[in-house]
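Trainee: Here's the letter readout for the chains.
Protein chains: 4
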Amino acid sequence: MSSQVKRIGVLTSGGDAPGMNAAVRGVVRTAVNQGIECVGIRRGWSGLINSDFVQLSGSSVSHIIDKGGTMLYTARSLEFMQHEGREKAIATCKLLGLDGIVAIGGDGTFRGALALSRQIAESGHKLEVVGIPATIDNDIGCSHYTIGFDTACNTAIECIDKLRDTMQSHERCSVVEVMGRHAGYLALYVGIAVGATAVLIPERTVDFERDVVEKIRRARLAGSTHYMVVVAEGAGSAIEIGKRIHEEVGIDPRVTVLGHIQRGGSPSARDRETASRMGYEAVMALAQGRGNRIIATRDGRIVDLDMEEALAMTKEFDMDRYDVLEALTNIGN
Amino acid sequence: MSSQVKRIGVLTSGGDAPGMNAAVRGVVRTAVNQGIECVGIRRGWSGLINSDFVQLSGSSVSHIIDKGGTMLYTARSLEFMQHEGREKAIATCKLLGLDGIVAIGGDGTFRGALALSRQIAESGHKLEVVGIPATIDNDIGCSHYTIGFDTACNTAIECIDKLRDTMQSHERCSVVEVMGRHAGYLALYVGIAVGATAVLIPERTVDFERDVVEKIRRARLAGSTHYMVVVAEGAGSAIEIGKRIHEEVGIDPRVTVLGHIQRGGSPSARDRETASRMGYEAVMALAQGRGNRIIATRDGRIVDLDMEEALAMTKEFDMDRYDVLEALTNIGN
Amino acid sequence: MSSQVKRIGVLTSGGDAPGMNAAVRGVVRTAVNQGIECVGIRRGWSGLINSDFVQLSGSSVSHIIDKGGTMLYTARSLEFMQHEGREKAIATCKLLGLDGIVAIGGDGTFRGALALSRQIAESGHKLEVVGIPATIDNDIGCSHYTIGFDTACNTAIECIDKLRDTMQSHERCSVVEVMGRHAGYLALYVGIAVGATAVLIPERTVDFERDVVEKIRRARLAGSTHYMVVVAEGAGSAIEIGKRIHEEVGIDPRVTVLGHIQRGGSPSARDRETASRMGYEAVMALAQGRGNRIIATRDGRIVDLDMEEALAMTKEFDMDRYDVLEALTNIGN
Amino acid sequence: MSSQVKRIGVLTSGGDAPGMNAAVRGVVRTAVNQGIECVGIRRGWSGLINSDFVQLSGSSVSHIIDKGGTMLYTARSLEFMQHEGREKAIATCKLLGLDGIVAIGGDGTFRGALALSRQIAESGHKLEVVGIPATIDNDIGCSHYTIGFDTACNTAIECIDKLRDTMQSHERCSVVEVMGRHAGYLALYVGIAVGATAVLIPERTVDFERDVVEKIRRARLAGSTHYMVVVAEGAGSAIEIGKRIHEEVGIDPRVTVLGHIQRGGSPSARDRETASRMGYEAVMALAQGRGNRIIATRDGRIVDLDMEEALAMTKEFDMDRYDVLEALTNIGN
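Protein chains in written order, with full-length UniProt numbering: chain A, 1 to 333; chain B, 1 to 333; chain C, 1 to 333; chain D, 1 to 333.
Treat the hints with care, as some may be off.
Which copy is meant is left open, so a pair is good if it fits within one copy or across any two.
Keeping only pairs whose Cα atoms sit at most 20 Å apart, straight-line, the calculated SDA-like set for lysine to any residue is [as the list claims (entries may be wrong)]:
| hint | residue 1 | residue 2 |
| --- | --- | --- |
| 1 | K88 | E203 |
| 2 | K6 | N330 |
| 3 | K88 | Q288 |
| 4 | K315 | R298 |
Simulated from the structure, these hints should not be mistaken for laboratory data.
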């Protein structure tokens, strides 16, 4: 099949996630192999507004597959959310002669891409956009998996394993806040993986007595002398929860906010592999004439979905996992 | 639902895999919570033959979720492959009053479980068996994922990242042999994740000129001065391949056989989480009266399958991944 | 030489440090090899008060050399600081027939040991004590190195390397608080190892304009777009420093408090090796009739010092390192 | 003090070691701060012969402190060992107007530097050379510590910890070959740190019955069912030793050759810190008019030594460590 696409842009936008570099590499190398020129847009949409770009060859993306962060930098652009901002971006697209853009990021990134594509269509031009889901929160409705989630989980469990060493030695309670302002995927996954005493997530209303106090008590009765409470940032502040544990259980917890550590680090095998394949599929979609798509994982496979439909999808939170967590952390009698 | 199952055994058999401990913990904790007693059988099927066991409470499996290896030890038993060997195992099952056994391992382990279950049925007794797939090779036909694969991939890429540091500095070629006597899942996944120059797997006939020599030459022409060749052990010996590269390309590769390092290490988040849920589902199947099952991942979900049917399943090797690898390691022009 | 010492106790006290287990193993194995019985006292001095102990054989300490924390647990005991508390401890020593105690911890631990030894001497009995310095702060006057420091440094740089990935991608400033209430060893060492823009330590009066604002400005002028500020907890709160940077430089830093993560983790090669040798030397000192000693590293060698003299020693903070830091983070023009 | 030195070269030569990049950064940044220009010579001495160089500013060495390998590449040069080869190198030095060279590597590197310095002096010119010891083998006579050793030790113990997981599960013997053709520093340090059953080093004649067979037997009698034998490559081939264990003890060991993995990886805190300070001291020596020096650690401090004297120094192997190893791995009875 002969591709109409001659030159594409690639950018990373929103919060960075480990594996973004692997996705950029996947896009660039596949493009080169398909005879498509590739331009790296720096600092997300604002780079498109400000003509902040760099031409990329196959070797431009050597030695980045194992690096955290994003070589293209990332940013959030208020200007791009305005019609005028996007007009400037369109001017850059026209100047560079871009036929397509691969945008790596989250829902906000994809909505920006769609708005750009529509606005450019109004002017009689055509720009195909393809989104690649990358966020450590795993909170993108259309895709079961998002790039960066696995690395963030591994980073969190490595930190919590270290905390457990010292909590066990001192027979203390630890309260750990992990990322997730609107979603508890990371907290629940990590909670299961470290055998947490309790996990608090935004998807489930917290009953402090039932969900924290009683769990610590049962662990104590079963012989445990240290406890690990994992909190998604959207389910409450670890500091506040630590205080309340002190008040209601009479023990003095140590509080840790993992913070931005979870965003960095060399990507895991899963994130590198998934990102590489998603980058490949994004360009193949463009090369095969399928635009306005989001690359997603569904039922363990990588597929591409219509961007508008994909943006309307929601992902049900798997509450079964909460049952598993509760069964496994209940030490019994 | 009231469960007929009163007491179950749990064992790990065959090659060990990171996450086996998390699976054992999942089995024991779920059993305790379902009011089912749990007996740990040591050293796989030979422990059942030799009455080598230990009673397990909820706290017996504390602090193992993050540990590699298996607290129950593992072994391969020739004796259990014989009718007489299984008779001895049946005697232990009857003595201990086991209603069910959860066997964690690979296809051989499951076939043993099925043979045991049938032989015990002939004697008028009933023993329900459930298998949990755990092997770093990911080569179990019925399950898309097997416990230990993710940790092994991460261990391999961490080792290869280190090799790359020194290969880059010296501008050398590295040949790395990873595990996989009959399957290239690990080699191909790892190869994509490290951006290997070439990957050799047993599922694809090796044409040395096309698959190795030409790939190194194209990388060199594109400006690379170091090369990474990943070999599944079933696709050839790294030492032999290193020699042949020396003869045919005139460079002197450094050969590394990763070996048993790939079997160990603290399990990754994915392996701990999957193993925990599989352990839970194994006991829930028994508690709900579903015996002779294998817990498997299909299309991103955990399901239980009829053991006999599951053992007959084959998994098609995803050759698309090989195309992705080739596209991404071809630096272009 | 025939040893008069027949039975010794070993305990860990104060804040835990990675490598304490390796030191315990070193003490126990050496004692066993010298024909000396060994009793593990749990939870530091309070275990001696409460007769909380366990007899240890050579195999009791198998598989702990690579584990963080301390298998003997640790605690701080107010009661032991009182004469009456120590009387109870002395009763336990007499009951168990201990000739010596190896106390692993910091200065407070050693002062407790000395007080105990003196008080027991007043009663006409003899108890030889030996201290092994273990604290991640490296703030023990008599020893150039303390067990746990190296692991804590490595943990801190791994976390900061991850932070750097995301700070670079977003072109942000990061403020990281590391442990060290009274000492800047960890902060300065880590600061050099990560190439920090600025490091604040308690040993050096902070001039915010000179030590933070100006350093960030010079890095910016030299082309940097992200900055890493490392703060010892004794030199100020990272949150406050972050606010002040925002006010005075106009950028919005991300603040991370590493906290107790720094105390845990599998000990590094250096901590395992040093702890093993110090455990060995502690028992050899007792076996050779040298009591009231602290095992210390001086000029790269392990020696034993008189405990009273050692407790009076102070360690000069090596301000040259600060000059090195400044030279190396000044990117220049 | 006003420096006579205006422009220096920096190179890495021989086998690469983690921390070489941190040393290069230390040299370049210190030079810039002293007003000295800095030229990076690529691929060791052969780069000086072939005029393969790059001018380095302060920002040229940003983001390398945490990277393994060497950004300047390294090589071994036969040509430089000849008078004519060095003549070409001298021509480059004169062309570039170099007053000094900082050579990072091992003894061979330093001997090359000294030969160069003398040969250039014969021609009436002056070139001051300073050596920085960097080799994972720690086998440089004049310096107690060499850059890269700590990282290599940590890499080795992480690999061996993983091996132990699987060896324990299968109750097997593991034979691990670590680097060290002429020196057992790495093997012995690592052996103590992992609690090896036996360690074979080139500095001590191996009595197989006493040093391997008897140790495995005593461990077995004390209750151990797995064994870890660490071999320095200079003390024998792990494969041969594995075969002999099979013959003489009747168990079937698993053999692992760690190989070049030990050379790579992000440098440890200790290697980054030491390398940074050594780089600083190397330039300060030149700036202060002290040439023909080797920067070394002696008694825990960094000093500079006359190069000729330093090259004549030998380091006594600390056999006490072998006693410690033996005491601690003898589990006793």
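Trainee: Hints first: check each against the structure and report whether it holds.
Mentor: A quick look at each hint next to the structure:
1. Taking the shortest Cα distances, K88 and E203 never come within 20 Å of each other, neither inside one copy (39 Å) nor across copies (51 Å).
2. In this assembly of identical chains, K6 and N330 lie within 20 Å of each other by CA distance solely across copies; the values are 19 Å between and 59 Å within a copy.
3. Neither within a single protomer nor between protomers do K88 and Q288 lie at most 20 Å apart by alpha-carbon distance, with minima of 28 Å and 56 Å respectively.
4. Taking identical chains as interchangeable, the C-alpha atoms of K315 and R298 lie at most 20 Å apart whether they share a chain (11 Å) or sit on different chains (18 Å).
Consistency with the previously given hints fails for numbers 1 and 3, ordered from lowest to highest.
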